[in-house]
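Novice: All chains, please: the whole structure from these sequences, using the hints.
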Amino acid sequence: MAYIYPAPGVATKQSTLKISVAANSASTPELTVPALQDVTVNASNDTFSWTQLDQGSKLQIATTATNSLSMNIVLDQTVFFGDSTEVSGEADFKGIFGCSTAKDLLDFELYLGDTSTGAEGKTISGKGYITGLAPTVSADSPVWVTPITITVDGDYTVA
Numbered sequence: 159m160a161y162i163y164p165a166p167g168v169a170t171k172q173s174t175l176k177i178s179v180a181a182n183s184a185s186t187p188e189l190t191v192p193a194l195q196d197v198t199v200n201a202s203n204d205t206f207s208w209t210q211l212d213q214g215s216k217l218q219i220a221t222t223a224t225n226s227l228s229m230n231i232v233l234d235q236t237v238f239f240g241d242s243t244e245v246s247g248e249a250d251f252k253g254i255f256g257c258s259t260a261k262d263l264l265d266f267e268l269y270l271g272d273t274s275t276g277a278e279g280k281t282i283s284g285k286g287y288i289t290g291l292a293p294t295v296s297a298d299s300p301v302w303v304t305p306i307t308i309t310v311d312g313d314y315t316v317a
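One gets this note's numbering by counting positions in the sequence shown from 1 and adding 158 to each.
If you're looking for bench data, these hints aren't it; they were derived computationally from the structure.
Watch out, some of these pointers could steer you wrong.
The calculated lysine to aspartate or glutamate pairs, modelled on EDC-like cross-linking and capped at a C-alpha distance of 20 Å, are [what the hints assert, rightly or not]:
1. Lys261 x Asp241
2. Lys280 x Glu267
3. Lys171 x Asp272
4. Lys285 x Asp313
5. Lys176 x Asp298
6. Lys280 x Glu248
7. Lys171 x Asp204
8. Lys176 x Asp272
9. Lys176 x Glu248
10. Lys261 x Glu248
11. Lys280 x Asp196
12. Lys171 x Glu267
13. Lys285 x Asp262
14. Lys285 x Asp234
15. Lys171 x Glu278
16. Lys176 x Asp234
17. Lys176 x Asp241
18. Lys176 x Asp204
19. Lys285 x Asp265
20. Lys261 x Asp311
21. Lys280 x Asp265
22. Lys285 x Glu267
23. Lys176 x Glu278
24. Lys176 x Glu244
Since the structure is predicted, the reported quantities are computational estimates derived from the model, not experimental observations.
Specialist: So this is what it looks like as structure tokens:
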């Protein structure tokens, strides 16, 4: 058995999220999102329920799925607000906040991490929109942290 082991702090083996503006059709992702604290991959099928007079229980059938990625990150100023030295219109130029406010459709790649046996792990990719930004700071947590949700447009691809 080979568990997915993201190896926190080990370069090239840890979970990473890369995004690019879908309209740019970039051959490589434009922005690597640093300082991931946690990641949740949501693949939730909806259901349609109905009752019939001849049944004592509801009947259900699976319908379309609602897919999303959610995570928390420690804010990096350049990644969050963008880098004006990069190419205008790309994710690294706009930053996470700019991609969200511009309502850009993004390509994303989430590398889950290597396996416990050292083999290369899987990548989940797709298209989606950044939502749910809510940066916070407090005396007990003196760095800015924000949740991020990527609401997926369509299906995931696993490679």
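Novice: Hint numbers the structure violates, sorted upward?
Specialist: Violated hints: 5, 6, 7, 14 and 18; rest satisfied.
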